[in-house]
Amino acid sequence: MKLPSSIILGSLLTAATLPASLSAAEVSAQMMADAIHDVIEADRAVYVELVINRLVDDEGVIEASEEYNENSALPLPAQMLRASAEKVHDKKSGFSFSLVSPWPINSQNKVKTALEIKGMDFILKNPAKNFYGEETLAGKKYFTALYSDIAVSESCVTCHNTHKDSPKKDFKVGNAMGAVLIRIPLSK
Amino acid sequence: MIDQFIVWLWKHSKKIMLYTLWLTLLIILSAYFYMQITESNKTLLIQGKTSNGHYQIEEKCDSCHAVNNPGTLGKVKQNNCLNCHKEKKRSNTKSNSHRAKLFAADDKLEQRKLIQADQCITCHEEHQLGNNGTTQPDDFCVLCHKDITQERESHKDFAFDNCHQCHNFHDNSANYSESFISKHLEPEADHFENSLIPPVQFPRRFKKKHISAALSWEQQDSPKIVNAAIAKDWNGSSHALAGVNCQNCHTDKNKQWVEKPNHKNCVSCHKMQTKGFLSGKHGMRLKQQLSSMSTEQARLPMTSGNKILNCVSCHKDHQFKAKSAAVASCLNCHDDKHSRAYKKTKHFQLWNNNDERGVSCASCHLPKIVKGKKKNKSVLTQHNQNHNLRPTQKMAKTVCINCHGLGFSIDALQSQSLIDNNFASSPTHHIPLIELWNTYNSKDKTTY
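Protein sequence lines correspond, in order, to chains V and Z. Throughout the first sequence, residue numbering follows our numbering, covering 1 to 188 in sequence. Throughout the second sequence, residue numbering follows our numbering, covering 1 to 448 in sequence.
Any given hint could turn out to be false.
As the list claims (entries may be wrong) - Here are a few chain V residues that face chain Z, going by a calculated C-beta distance under 8 Å:
| no. | residue |
| --- | --- |
| 1 | ASN71 |
| 2 | ASP90 |
| 3 | SER107 |
| 4 | ASN109 |
Source of the hints: derived by calculation from the structure; they are not laboratory data. Think of the CB as a built atom: it goes at the ideal place given N, C-alpha and C, for glycine as much as any other residue.
Make the full structure from the sequences, and use the hints.
Here's what the structure looks like:
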């Protein structure tokens, strides 16, 4: 269970300790965002493959449930991602990541800022591309990146299409369901 | 010259007297307030009535306020709130979707403009109201959840000033989640034939560490002469049966004899129980290094005579009978309408007849907490009664459904007259929560 967060933190540490020959200027915010996104995606895939698919689908020893505490079950992959994001938030570095969508199950996760809305619009029209931009929030400048979050398996689609709080019920495998949002502070 | 001065004094005598009086008063008042500020007890400086939650510790200003740094003197530090009111982790069943830190990020700026939910003092202001200290109007949920009545058909007829009837802002375990309701969809009996409250079960590690063979009186290890009454009490106690000898409780960390052990001794074995006790209203003063809570300080109606609260106030020392701690100890102090009505209830009758369906004060307010499974399972008593003092919001899931159907439990908990008579009668008003959920669930999912 600790695997994903440890990988994320490990990657952040790696990013912070790049070889001396690489100057800080050469590590652009975009490169950093892309690298972090790769790690987030890898973590999620590993969690699905090694934990959910193995223990829930193959061995059937435990269930995965949105209400994992109440049901003594495994958290869903999206919940694992959010839990990791919360741990990163605790570090108070200003760096953050989250899952956003125009059709979130929890309406609090809807795209909010003008740049998020613009970026979401862009990646829905161009699912193969990423969106990058800069925005100022609460007086601080941020580099913001959005990456398509594609429904990779039937379970993603089934859950979103049948969940009572989901505003969209016709997702298909391969559709973009939202985006992974990464925000890197450019000023203190 | 002297004559002139005397004349001047005479002419201005009235003014001089007034100035002298004013100066003296000023010095006395300054000295008085200086003493109040520097004294450890600063209660005279409190501006208004402290809330029910905090009044017990109001004399310990620095529990909440910054008092050492003149620049921040008097300010309430958020970390001080969180020291006691720890935000539950996601992995805790009582986790909180409104954790303050979740609202602190820069992308939550717009939300913070609606309500500054990252700061405790946005909703909780002390020394103003005296009751629960909350300052937001009842319908404040509308600020962020204004669309919920359209988004959820089950909520379409609900008013925003009623959210707190079912939801607790800080405690998700109080929510009637869908998976929870779905487990109770089949019509359930109002009263179950058997109670589902599990018996106490100490953790395996506890048994390994502390429980040995039962001790006889000859094996007692007190260095002092023990009187016959104490000897008799201990000999028949669960402590003696579990191999807990005199010195296990009556010595401190340095193996020195302690005449009157307190929670600091009990904690060596009863860690979870002591933690709960210190977190609740019974022990919160002790947690702040203040004297024990006493019945004279209580705001709830109490029986006459001043009684103080520590572990042995409820668990009579040397006997440690769980049964008397579950009712007699409570009623020895509590004298409100709800407590006085208890002995007229079916709950009490059953309990008094040693029926396993019997319900004591502790069954509801200090319920059993089950942790772990199989070999690692433990069942211990939650000693923080704050978790179970809000019937409508919190008690159905943790308490009532051990013996009653969910529908019946909800109906009973929503009735103030039943709370007052300690559930001596059946509910008369039905709240169709489960029926509502059923209707909502059977709708075509694609249209919802």
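Restraint satisfaction for V:ASN109 [CB to CB of chain Z, less than 8 Å]: 11 Å, violated
Let's test the interface hint: is any C-beta of chain Z closer than 8 Å to that of V:ASP90? 7 Å, holds
Is the shortest C-beta separation between V:SER107 and chain Z less than 8 Å? Constraint on V:SER107 satisfied, holds at 7 Å.
Should the interface hint for V:ASN71 be scored as holding, given a Cβ-Cβ cut-off of 8 Å against chain Z? 6 Å, holds
Consistency note: the structure conflicts with earlier hint 4 alone.
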